[in-house]
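Asker: Whole structure, please, built from the sequences with the hints as guidance.
Taken in order, these protein sequences are the chains called X, B and E.
Reminder that position 300 of the first sequence reads as 381 in the numbering used here, one-by-one numbering, no gaps.
Reminder that position 57 of the second sequence reads as 727 in the numbering used here, one-by-one numbering, no gaps.
Reminder that position 282 of the third sequence reads as 286 in the numbering used here, one-by-one numbering, no gaps.
Honestly, the hints are just simulated from the structure, not real lab data.
Keep in mind that the hints are not guaranteed to be accurate.
Here are the simulated lysine-lysine pairs, BS3-like style, with alpha carbons at most 27 Å apart [as the list claims (entries may be wrong)]:
#1 E:Lys-279 x X:Lys-248
#2 X:Lys-317 x X:Lys-87
#3 E:Lys-82 x X:Lys-261
#4 X:Lys-291 x X:Lys-92
#5 X:Lys-316 x X:Lys-294
#6 E:Lys-82 x X:Lys-248
#7 X:Lys-316 x X:Lys-291
#8 B:Lys-792 x E:Lys-82
#9 B:Lys-842 x B:Lys-972
#10 E:Lys-82 x E:Lys-113
#11 X:Lys-261 x E:Lys-113
#12 B:Lys-972 x B:Lys-792
#13 E:Lys-182 x E:Lys-324
#14 E:Lys-42 x E:Lys-113
#15 X:Lys-316 x B:Lys-972
#16 X:Lys-92 x X:Lys-423
#17 X:Lys-291 x X:Lys-317
#18 E:Lys-42 x B:Lys-792
#19 E:Lys-42 x E:Lys-279
#20 B:Lys-842 x X:Lys-317
#21 X:Lys-261 x X:Lys-294
#22 E:Lys-113 x X:Lys-248
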Amino acid sequence: MGIRFKNTILKVSISAISILAAILIGAIIIASVGENVFVAYGFLLRGAFGNARAIGETIVKATPLIFTALAAVFAYRCGMFNLGAEGQFIMGAIAASWISATLLPFGGWLNTLLSMIIGALAGGVWGAIPGLLKAYRGLNEMIVSILLNYVATLFMAFLYSGPLMEKNIPQTVAIFDDVKLTRLIEGSRVHTGIFVAIGVMIVASYFLFKTAKGYQLRVVGLNPTAANVNGLAVKKMMVSAFVVSGMIAGLGGAVELLGSSYRLMAGFGLGFGFDGVAIALIGQLHPIGAGLVAYLFAVLRTGANTMQIATGITTSVVDIVQAVIIIFAVAATAIIALPGVKAIVNRKWKGAEQ
Amino acid sequence: MDMFLNAHFIGSLLQSTLRVTTPLLLVALGELYGERAGMINIGLDGIMTLGATVGFIVGYITVNPLLGLVIGAVAGSLINLIYAYSTITLRSGQIINGMALNILAPALSIFMFRQYFGVTTKLIQGTVIKPICVPVLSDIPIAGPVLFNQNPITYLAFVLAILTAIFFNKTKPGLDYRAVGEFPRAAETLGINVIRKKYIACMICGALAGLGGAYLNTCYIGTYAEGVVAGRGFIALSAVIFGGWRVRGLILATLLFGFTDAVQLRFQTILPVIPYQILAMLPYLSTIAALFIMRNSGLAPKANGVPYSREGH
Amino acid sequence: MKLVTKRFLVVMLVVALCLAPIGCASEEGGDSGEDTYKIAMIANASIADGGWNSACYEGMIGAAEMNGWETSYSENVKQTDYVATFTEYANLGYDLIFAPGNEFSDAVKEAAASYPDINFIVLNGEVVEENVESIMADNTMIGFLAGTLAGLKTQTNEVALIGGMEITPAMQSIDGFKQGVAYVNPDANVSIAFTNSWSDAAKGKEAALSLIDTRDCDVFFGISSAGDAGMREAISDYDNRWTIAQPSDLLDQFPDIILTSIMNDNAQLIGASMKAVIAGEFGNRVFQGGLNENVLSLGTFGESANDVIDEYMDIVEGIKDGSITFDYNV
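Answerer: Put into structure tokens, the structure is as follows:
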């Protein structure tokens, strides 16, 4: 067996063990609240996988998370912290909503496509701001992108209670029916947006690991100080990484609008950016890994929703379980990277091979 | 407009600025202690929430808001040990652990609060530490209300800031401390216990973040509502970077935010034609603008965010 | 090395033990008879926000107690999850699903179409179907009641309203408030500030102080949930500043500054829908409740309202008998 393969097996099994451990902790919490653990977890599984509708709902929930997670992966791979995916997501949705609720230059799917392109561009422009400020003024991209989240949220609030308001209700006008993304299964809300997400995931994965440009990007990301020798090239790379990251998030916002929410209102996009960063990090900064973890998050949340409704266990307990899962997952991956543990593991592998 | 440019208006504007600034400054100082030891903690918002909740509950039960403040700080320090263990000993990512705190701490807070008070329509009203009003002096125009009519914790925050500046720049332990965030390996060879210093840094960071949170519900206002922190932890985080990891910069950064926030609230009534959503952007946009003009980056501790191991790995 | 793993296990255990005693108090029993009716509420924020959602939640609990129903709720539900949460309750056989806000309208339409046997009520909505009713407290009247009292009481002719965010009920109350002030006191000026939050009580305090500094406002009406608490604390440090509270009677908390409270009893609204469900008459109904429907009522008057109470009660009677009217612009 190759070392690489072994490492992959190790990583996957460690993730699995940590998730199991977190579920165990969750069980203890649930039991201490006086509920039956098996019943509660039964509802959790039923909520996520119980029927076609449940499975579809999980996918609907995973779709935006995949986008923001990919946005985070892309920036991280270039050594940049994009904490502004939420703002870029919102700006993408704003642009898409403006196109698909007011202007209709084409009919049908062409207009859907246009909305998505405009959404991605808007996200890219919003993402370019921290990228440019970082590259040419040396401003810390983390805080600029966080601050821009607030600005984007307020801008959206301004639009849905001002220029784009529907009658007297503080929300934007719903997009036209023929622009909406097609639903895949009768009785479920799952829409074609998931294919867009998977497509972006595959393209990002191919780009990062199979192309020369992607390789360059990862080199910059691994060691920005050493790569700095090249000066301008690195700056350009920083900006373009941020632009692409923003475009992915913006596209995500457009897809969420076109496939699920159909209009903007208070709370749109809230928390997706930070979720994306957490997912990207747990997914080992690999696009496919991020996609899988996004799905896992969606499973947990859809399931937790059902569990809460069916058993009355408060949502804060579910949140605690979720945080514990994150802590365990990253702690466990970190543990196997510790030199001592690594040595033990390697010895074990050798023993197994003999 | 000139009806607003009188001494009373300016005085109260600056007074309001200091009130808004106080929790931000406390938490930003905490983060400075963390980052000077190489620990970036994005979970400040969560720690503040726990500090606010614990502080309020303790203050309410004992009718002693001061005790609430102290216990709030202790709670912040304790919860940050999870982050410390995971990032220092296990060397896992700092950002992700901070995020986990941002989910964990508020959830714990809500859970505790509801276990104690249940769900009520009326917000629970506790006691607060009142501002100290120095007689006579507080009547001086502008300077009076700003300097001599503030909450004791506001004075504490600024005294702490000055002490912190002296500690980091003028004392031997302070320089040692900074070495942990700059050149941990070299520090270790000089006999500094880097791991221990990092743990201490996390405890100070957690304590100050908890204190900043508890300030909200024991000094600023006397009620508790879920979500009372409202993103202040992130503002404090950005103030540290904005302030160039220096106390002076940090004070300026938090004051700028406090000032623009106080200004935008006044603009809402002076200029009602401008939608409030646009005015509310002011603190964030002016922070970015100030960053753009000052462009003081390069001062970051060199080993900031980098996991440390003695084995040289 | 091994030590590290060992330590990690120990910490895991400690964390587990720490979290274990969290839930000493157990949930109320969930088992129930088959024939009990069930209602569920979905909130997009905390149900303990001390404002809108709290009032809705207490309304549901009150109505359920009066009519012998079982209740359940989901809080902090995101916009993307509205439909899923509705269908979840529908699948569990809930008889009535309560959506407290117009922002749920799209999701209610969708869920109601898929589950024709389940009944939905939208608070403040406009949707009406075979299995959907829209109910609302008369928010414009709430504003008008507060506005007239504020306009009568003000000595500086500057009155203030503090809002959280621009949502429909808030805009209706603001519209009513302006009309109310203008009705009794055309010279008075209305200033409005938003805290841009439902939970930031400190911002409410700052907003109130800024209104005092910039306009010398002396009567305040707060519709910003937690922000209102901060506002009350701010003005209680001053002489001759007052406030009108909502949605429940808060006089005992701040007897010196509260003129009166405008109480919003959602239990009446929800209870009416419950009765309709039981009688099999549910659906296709818009119901707006004000003073005459006992949905709105006035709380205890503070002593500071003594000088205007007679004049004010005439107005309240006028609103009740229809001799005083106002417009619904929002």
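Asker: Given the hint that B:Lys-792 pairs with E:Lys-82, does the C-alpha gap stay at or below 27 Å?
Answerer: Within the cut-off at roughly 25 Å; holds.
Asker: Would you mind confirming whether the straight-line C-alpha gap from X:Lys-316 to X:Lys-294 stays at or under 27 Å?
Answerer: holds, 14 Å
Asker: With a cut-off of 27 Å on the C-alpha distance, tell me whether E:Lys-42 and B:Lys-792 pass.
Answerer: Judged against 27 Å, a Cα distance of about 26 Å means the pair holds.
Asker: Does the structure keep X:Lys-291 and X:Lys-317 at a Cα separation of 27 Å or less?
Answerer: holds, 21 Å
Asker: Could you grab the alpha-carbon distance between E:Lys-82 and X:Lys-261 and see if it respects the 27 Å cut-off?
Answerer: holds, 20 Å
Asker: Would you check the hint for B:Lys-972 and B:Lys-792, treating anything up to 27 Å between C-alpha atoms as holding?
Answerer: violated, 50 Å
Asker: Decide if the proposed pair is consistent with the structure: X:Lys-92 and X:Lys-423, CA atoms, cutoff 27 Å inclusive.
Answerer: holds, 12 Å
Asker: Is it true that the CA of B:Lys-842 sits at most 27 Å from the CA of X:Lys-317?
Answerer: With Cα atoms ~42 Å apart, B:Lys-842 and X:Lys-317 exceed 27 Å; violated.
Asker: What's the verdict on E:Lys-82 and E:Lys-113, does the C-alpha distance respect the 27 Å limit or exceed it?
Answerer: Status holds; Cα separation ~17 Å.
Asker: Need the status of pair B:Lys-842, B:Lys-972: alpha-carbon distance at most 27 Å?
Answerer: holds, 19 Å
Asker: Is the straight-line distance between the alpha-carbon of E:Lys-279 and that of X:Lys-248 27 Å or less?
Answerer: violated, 33 Å
Asker: Would the pair E:Lys-82 and X:Lys-248 pass a check requiring their Cα atoms to be no farther apart than 27 Å?
Answerer: holds, 23 Å
This entry does not satisfy hints 1, 2, 12, 20 and 21, going by the numbered hints stated previously.
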